[in-house]
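Mind docking chain B on chain A? Use the hints.
Protein chains: 2
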Amino acid sequence: MANMSEKFIITEDMKPIHVGLLGAGTVGSGTFAVLKRNQEEITRRAGRSIVVRMIADREEEKARQIAGDDEVIVTRDANEVVMNPDIDIVVELIGGYTAARDLILKAIENGKHVITANKALLASHGTEIFAAAQKKGVMVAFEAAVAGGIPIIKALREGLTANRIEWIAGIINGTSNFILSEMRDKGLTFETVLKQAQKLGYAEADPTFDIEGIDAAHKLTIMASIAFGIPMQFDKVYTEGITKLTREDIRYAEELGYRIKLLGITKRTSGGIELRVHPTLIPARRLIANVEGVMNAIVVRGDAVGSTLYYGPGAGAEPTGSSVVADLVDVTRMHTADPKHRVPHLAFQPGRLSDTPILTMDEVETSYYLRLRVMDKPGALADITRVLADLGISIEAMMQKEPSEGEDQVDIIMLTHLAVERNVNDAIARIKRLPITTGKVTRIRLEHLGSK
Amino acid sequence: MANMSEKFIITEDMKPIHVGLLGAGTVGSGTFAVLKRNQEEITRRAGRSIVVRMIADREEEKARQIAGDDEVIVTRDANEVVMNPDIDIVVELIGGYTAARDLILKAIENGKHVITANKALLASHGTEIFAAAQKKGVMVAFEAAVAGGIPIIKALREGLTANRIEWIAGIINGTSNFILSEMRDKGLTFETVLKQAQKLGYAEADPTFDIEGIDAAHKLTIMASIAFGIPMQFDKVYTEGITKLTREDIRYAEELGYRIKLLGITKRTSGGIELRVHPTLIPARRLIANVEGVMNAIVVRGDAVGSTLYYGPGAGAEPTGSSVVADLVDVTRMHTADPKHRVPHLAFQPGRLSDTPILTMDEVETSYYLRLRVMDKPGALADITRVLADLGISIEAMMQKEPSEGEDQVDIIMLTHLAVERNVNDAIARIKRLPITTGKVTRIRLEHLGSK
Chain A
13 MANMSEKFII TEDMKPIHVG LLGAGTVGSG TFAVLKRNQE EITRRAGRSI VVRMIADREE
73 EKARQIAGDD EVIVTRDANE VVMNPDIDIV VELIGGYTAA RDLILKAIEN GKHVITANKA
133 LLASHGTEIF AAAQKKGVMV AFEAAVAGGI PIIKALREGL TANRIEWIAG IINGTSNFIL
193 SEMRDKGLTF ETVLKQAQKL GYAEADPTFD IEGIDAAHKL TIMASIAFGI PMQFDKVYTE
253 GITKLTREDI RYAEELGYRI KLLGITKRTS GGIELRVHPT LIPARRLIAN VEGVMNAIVV
313 RGDAVGSTLY YGPGAGAEPT GSSVVADLVD VTRMHTADPK HRVPHLAFQP GRLSDTPILT
373 MDEVETSYYL RLRVMDKPGA LADITRVLAD LGISIEAMMQ KEPSEGEDQV DIIMLTHLAV
433 ERNVNDAIAR IKRLPITTGK VTRIRLEHLG SK
Chain B
13 MANMSEKFII TEDMKPIHVG LLGAGTVGSG TFAVLKRNQE EITRRAGRSI VVRMIADREE
73 EKARQIAGDD EVIVTRDANE VVMNPDIDIV VELIGGYTAA RDLILKAIEN GKHVITANKA
133 LLASHGTEIF AAAQKKGVMV AFEAAVAGGI PIIKALREGL TANRIEWIAG IINGTSNFIL
193 SEMRDKGLTF ETVLKQAQKL GYAEADPTFD IEGIDAAHKL TIMASIAFGI PMQFDKVYTE
253 GITKLTREDI RYAEELGYRI KLLGITKRTS GGIELRVHPT LIPARRLIAN VEGVMNAIVV
313 RGDAVGSTLY YGPGAGAEPT GSSVVADLVD VTRMHTADPK HRVPHLAFQP GRLSDTPILT
373 MDEVETSYYL RLRVMDKPGA LADITRVLAD LGISIEAMMQ KEPSEGEDQV DIIMLTHLAV
433 ERNVNDAIAR IKRLPITTGK VTRIRLEHLG SK
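Which chain is which? The protein sequence lines are A and B, in order. When you read off a place in the first sequence, starting at 1, and then add 12, the result is the number in the working numbering. When you read off a place in the second sequence, starting at 1, and then add 12, the result is the number in the working numbering.
Because the hints were derived from the structure by calculation, they are not lab data. Everything numeric in this text was worked out from a predicted model, so none of it was measured. Some hints could be false.
The list treats identical chains as one, so a pair stands whether inside a single copy or across any two.
Taking lysine-lysine pairs in the DSS-like style, the calculated list, with each CA pair at most 27 Å apart, reads [what the hints assert, rightly or not]:
{"no.": "1", "residue 1": "K148", "residue 2": "K352"}
{"no.": "2", "residue 1": "K352", "residue 2": "K48"}
{"no.": "3", "residue 1": "K27", "residue 2": "K352"}
If we strip away everything but chain A, and leave its shape as in the complex, we get:
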């Protein structure tokens, strides 16, 4: 076979696609580097070359650094990019709400396709943005918004279309997974590992978004919308972070055969859809329980396929750039298609979203890990199990620790069968009032992630 590139003839509709980057940060530099390094191969895949023509950043110097010696227009003013008739696709990597939203809407208004990694914006304003894009017949792609380099949006939107999705459970925040991995592996406290993570650049100076589960909630909102065909509803996600997890709970979970992970979980039930982010015990033998460090992984349960899992780096310049460029190739391959016959933004055809209600956390049914500190006296256990039985909560496993030398309190750990959260909260309140308890009850949710 001859070298085929010699036979390749450039025709009019193969002229380069022109890209404008908004934001010259980590992902911007990764996107630029990947596009440049793999230019030849990407062109062979896309059918046209994809070229960054403009980079905008308030710090013009940063944009210039990325551009290097390449012929790229550098500007402080992102508006110049979204208004420029020479630009076909705008890549929004600024983050945040107001400016990013305005620029995206302006780009759409000017007939440009948009690629964004802005999960916070999509989770909150996605409905408005997709409606605008629909109206103008342009594409908005966002693979980089969820789980960095893992093509999970494509898997949900296109790979699993045969399925009625039953649930999704994902490790979708690398920072918190790194912290939990280190706490377990080295027996360190949350505070100690957080400081390490900040030193290593895995956690920001203000780590709130990551460790309080907010970042995961943004990503979960987007996945749930695509999986179930529902609008983005970030405000309805229950969010609980990892700041209160102790080494003891991680160790006890381990002894019982479980790992604790911060999971984003969305599940379809007969009453509605669950949307929740919280620390979760999962059986240690599950593949996802063995995802360590800053890596991400998502399990998707579909009625036809069963469980599939997607694993990879959830952040970083080039992994996230990989997803941005995949979107660029997608848009390049498909931008001439009749807009009605493209893949729908949110997997389901516009106007065919459903109004399935989102459950409150009170209504959620799951299993629980309960740790109670009680006085080491006869009858303590009977009082506690009585409270649980009265509320219809049954116990799957129990572990009682011997009191340490000279101590008169012991830890009792219980794993429950499925129970409704309202009842569990009720039980905890009652248990706290029992004279034999010390008033402290730790509650962590537990998911088997099995076939049911």
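Structure of chain B alone, referenced to chain A:
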């Protein structure tokens, strides 16, 4: 929000897509069942309903059983389906070469899109089939041909387009993975577990294709083509099965921190592309080492994204049906697009495949597990390490087993650093001739699957 389905208006270009199924076996029944059960949701995703209108099988009764009470034309003659002007998409689930190839080419000639799960056919005749489809402007989709329900074709062809793929390593044959899992878990022999697998329906009466790595080689051929933009070259895949693996090797590997899996591996090197299927030691801590039973998993290493992993069921009626239906939705969403602007069949634009050479196994460089049975005499080890050193093979780890009571032979296990296979084979031949060896040397390849 109102229930949107009421607002949904049927227009002319939303009339149902008509599907003809060739083959009423396991995957055919799964495809039919999934399409029917999830009809409403699939329509919301695809924009049109997708309806099976014809089923062909030589055993007409089987086709009739699948169709049930539905209005489906059942026939013994698959030609009737591919000739019928009412059929938009032909799904080929017959398997085998001659008949399947003729029917697919006839369907293409009649302007029909084709979906196939026939890995053997694509690996051998893919080039001819895709050229015909290209010429007629129809799509040929084949997600179900590799790794059952896992959307790995889509990930490679669309999700990772930014990347220069460095290597792929996959557990892509569930039968052999089940056998290896059971051998390790229960300490059983290959023959014992094979019989169990046959009883459970995990292995066929003639299990050759699965246990000799041929099925995996078909799938590997297809993945390599998409990953590297090369033609299908099944005849160049090195294929070695699992029939000679012993419990001892599995146990020794375990003691050294490794698991043995049958992997399909394709790797880009400076000299060419490796294409090989063989039992492989991989570090037990890798996620893919923990994939058990009939499940499949594929690790893809890209230069931008790093390693991503895709896991799920590799076979079965509904998991494979899930992939067939995903292809049906894809074709439905995109079939009106200008053929030049669809996703290319093999990820790269037609005519832009490369003629990168495929390496012979002799040229492959990897690490090795060597087990030698030697006389328990002083100097034995020195003789062996001298042979290895002479051929530039260096040792990473070694383990010598104490001889059993009354035995005068011992097992020596060595793990090598990277070495060229030609040299390793040479070394083995020389070692076998040493007077202190018993003439038996077991060689299993080893891959770290790390970042290099």
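- Task: Since the copies are identical, ignore which copy is meant and state whether K352 and K48 lie within 27 Å (CA to CA) inside a copy, between copies, both or neither.
- Result: This pair counts as between: shortest inter-copy Cα distance 24 Å, intra-copy 32 Å.
- Task: With 27 Å as the alpha-carbon cut-off, assign the pair K148 and K352 to within, between, both or neither.
- Result: Answer is both; intra-copy 12 Å and inter-copy 23 Å each pass.
- Query: Quick one: K27 to K352, C-alpha cut-off 27 Å, is that within a copy, between copies, both, or neither?
  - Reply: Both ways: K27 and K352 sit 24 Å apart in one copy and 14 Å across, limit 27 Å.
In terms of the numbered hints stated before, the structure departs from none.
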